[in-house]
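A.B. asks: Starting from the structure of chain A, add chain B where the hints point.
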Amino acid sequence: MGDTIEVNGLRKSYGGRVVNEIPRLTLSEHRIEGLIGPNGAGKTTLMSLITGRIRPDTGSVRLLRDGAAIEITGMSLNRVARLGVVRTNQKIQDFESLTIEDSMLLSLATDRDEGPGRLFGERDFRERCDPIIADYVAAMKFADRSAHALSAGEKKLLDIVRCLLLEPKILLMDEPTVGLPTEQTDEVMALVSRVAERQDMKVVIIEHDLDLIWKVCEHVHFMADGQILLHGTPEEVRTNRLVRDKYMGESHA
Amino acid sequence: MLELRGIRSGYGDVTILKDVDLTVEAEIFAVLGANGAGKSTLMRTIARLLAVEAGDLRFRGEDVTAVAPNRLAEMGISLVPQEANIFPNLTVRENLSLGTMFGTRSSRSRIDEVFDLFPDIAARADQKAGSLSGGESQMVAFGRALAQEPRLMLLDEPTTGLSPKYVNLLLEKVRQIHDSHGVAILLAEQNAVKALEVASRVLVLSLGKVYLDSPVSETDLEAIQGGYHI
Numbered sequence: 001m002g003d004t005i006e007v008n009g010l011r012k013s014y015g016g017r018v019v020n021e022i023p024r025l026t027l028s029e030h031r032i033e034g035l036i037g038p039n040g041a042g043k044t045t046l047m048s049l050i051t052g053r054i055r056p057d058t059g060s061v062r063l064l065r066d067g068a069a070i071e072i073t074g075m076s077l078n079r080v081a082r083l084g085v086v087r088t089n090q091k092i093q094d095f096e097s098l099t100i101e102d103s104m105l106l107s108l109a110t111d112r113d114e115g116p117g118r119l120f121g122e123r124d125f126r127e128r129c130d131p132i133i134a135d136y137v138a139a140m141k142f143a144d145r146s147a148h149a150l151s152a153g154e155k156k157l158l159d160i161v162r163c164l165l166l167e168p169k170i171l172l173m174d175e176p177t178v179g180l181p182t183e184q185t186d187e188v189m190a191l192v193s194r195v196a197e198r199q200d201m202k203v204v205i206i207e208h209d210l211d212l213i214w215k216v217c218e219h220v221h222f223m224a225d226g227q228i229l230l231h232g233t234p235e236e237v238r239t240n241r242l243v244r245d246k247y248m249g250e251s252h253a
Numbered sequence: 001m002l003e004l005r006g007i008r009s010g011y012g013d014v015t016i017l018k019d020v021d022l023t024v025e026a027e028i029f030a031v032l033g034a035n036g037a038g039k040s041t042l043m044r045t046i047a048r049l050l051a052v053e054a055g056d057l058r059f060r061g062e063d064v065t066a067v068a069p070n071r072l073a074e075m076g077i078s079l080v081p082q083e084a085n086i087f088p089n090l091t092v093r094e095n096l097s098l099g100t101m102f103g104t105r106s107s108r109s110r111i112d113e114v115f116d117l118f119p120d121i122a123a124r125a126d127q128k129a130g131s132l133s134g135g136e137s138q139m140v141a142f143g144r145a146l147a148q149e150p151r152l153m154l155l156d157e158p159t160t161g162l163s164p165k166y167v168n169l170l171l172e173k174v175r176q177i178h179d180s181h182g183v184a185i186l187l188a189e190q191n192a193v194k195a196l197e198v199a200s201r202v203l204v205l206s207l208g209k210v211y212l213d214s215p216v217s218e219t220d221l222e223a224i225q226g227g228y229h230i
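Sequence lines, in order, name chains A and B.
Residues in the first sequence are numbered consecutively from 1, following my numbering.
Residues in the second sequence are numbered consecutively from 1, following my numbering.
Isolated chain A, as found in the complex (with noise of 0.2 Å):
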């Protein structure tokens, strides 16, 4: 069945505003999930809250993996991650100083290979590495692996293949789909896909792309106002009125 996340009694505000409200919640109990929503309605958040990049005002957060509950409320975002909840960014994070090999690089190193100048200095390290970054580079289309990203696209790209590299059981996306073309967004889903598939991944999207939504995931969560309202198959959630009247309008409706 693979890792779930376990959601329990979470809350989060600020400054009074109630951003997540939620009793409880199981995500990843299917290999591709959707979580959309309006703007605002708390879903950026939720992946905070788990990732552990911010701390609940209460409630608890568990990774629930081979029958045993490992509680992650609070932990830091780096040991979450050691523990194969990875997430890519909403806004562009990018090593603007790296080039886009060493970018990948960076997420390919272990414990082992680190330390000061061990991590990029050693041939054999980069050598073990090259046919990895090779196939990430084909398939993303980067035109020279030794340049730099330099459109919000690639950069945004980049940031995926980086979390691929640490292998994730589950891979967190918040709007993979923006600053892309159409076209590359069915290619970066595929190669998702097709990753999910090899490396047991499960994967939650954040998107409000809905046709991608629709087509790539086999369940989908609808939250607003920091709630988690509605839970189903795309087909029940995309017909359902609640989601046409306050997040779709009439072009999707």
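Hints listed in this document are in silico derivations from the structure and should not be mistaken for laboratory results.
Positions of the beta carbon are idealized from the N, C-alpha and C atoms, including for glycine.
Fair warning: there could be bad hints in the mix.
If you anchor each label on the Cβ, the simulated ranges turn out as follows [said to hold, decoys possible]:
1. B/G182 - A/D186: 25 to 31 Å
2. B/R60 - A/R24: 58 to 64 Å
3. A/G249 - B/Q225: 43 to 49 Å
4. A/L98 - B/D19: 52 to 58 Å
5. B/G182 - A/G232: 43 to 49 Å
6. A/E167 - B/D213: 29 to 35 Å
7. B/G6 - A/T239: 49 to 55 Å
8. A/E167 - B/D112: 47 to 53 Å
9. A/L77 - B/A51: 33 to 39 Å
10. A/L166 - B/G130: 25 to 31 Å
11. B/R5 - A/T99: 33 to 39 Å
12. B/Q225 - A/W214: 36 to 42 Å
C.D. replies: Chain B alone, transformed into the frame defined by chain A:
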């Protein structure tokens, strides 16, 4: 209204735009192209956030190749950038009021107009903008540019992070301000179909050069897609 002749610009040693010629009248001009084609660089160059390496930039007949960005804003050019687009430590209202430094109508009426368009941020008028979600931040950035009473709006993927309902609202507003006030719009978008629904002219950039510059009515999607596959 806006003329670019032989424009070259980029970042440090890397030249992105190569000899770009472009004339923008009071129209909605969709700017399309693959990743790295130079769409954002074009916007930032026109707004003078990037230095022009070669070529001339003219706005309403005046040479603005070396004019400071704040002077351009005063002349009526407003930019909605792709990222880092609001002041997180100012409230939503304060962010919007920065857009009313220039222009003629009262600051209040212009801010109220933005709130009418985006009720979600009206409810958060006195909150720090840094506490907003990504989509709400985008509404503030667009609202601030709108409040400037611009003659030319540079919109760099303005629908980024917006829910489907607001994508349609925003694009409808773009059409309205063009129709009612004759505002020229340069609209860079990844969603070509949405952009072409409101645009009358389309520019396709490819590897920093103009691949296609044509009225939308005379252009089919296949011709546009050619610029993505070079």
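A.B. asks: It remains to establish, for every hint, whether it holds in the given structure.
C.D. replies: Status of the hints after comparison with the structure:
At about 38 Å, the beta-carbon gap between B/G182 and A/D186 misses the expected band of 25 to 31 Å. Between B/R60 and A/R24, the C-beta spacing of about 60 Å keeps the proposed range 58 to 64 Å intact. A C-beta distance of roughly 27 Å is found between A/G249 and B/Q225, which places it outside the suggested range of 43 to 49 Å. A beta carbon spacing of about 31 Å between A/L98 and B/D19 contradicts the range 52 to 58 Å that was offered as a hint.
Range check, B/G182 to A/G232: about 47 Å between beta-carbon atoms, so the 43 to 49 Å window is met. Distance hint for A/E167 and B/D213: a CB-CB separation of about 46 Å, inconsistent with the stated range 29 to 35 Å. The hint said 49 to 55 Å for the Cβ distance between B/G6 and A/T239, and at roughly 54 Å that hint holds. Checked against the given bound of 47 to 53 Å, the beta carbons of A/E167 and B/D112, roughly 52 Å apart, stay inside it.
Between A/L77 and B/A51, the C-beta spacing of about 37 Å keeps the proposed range 33 to 39 Å intact. A beta carbon spacing of about 28 Å between A/L166 and B/G130 agrees with the range 25 to 31 Å that was offered as a hint. As the Cβ distance of B/R5 to A/T99 is approximately 34 Å, the hint placing it in 33 to 39 Å holds. At about 24 Å, the CB distance of B/Q225 to A/W214 disagrees with the hint of 36 to 42 Å.
In this structure, the hints that do not hold are numbers 1, 3, 4, 6 and 12, in rising order.
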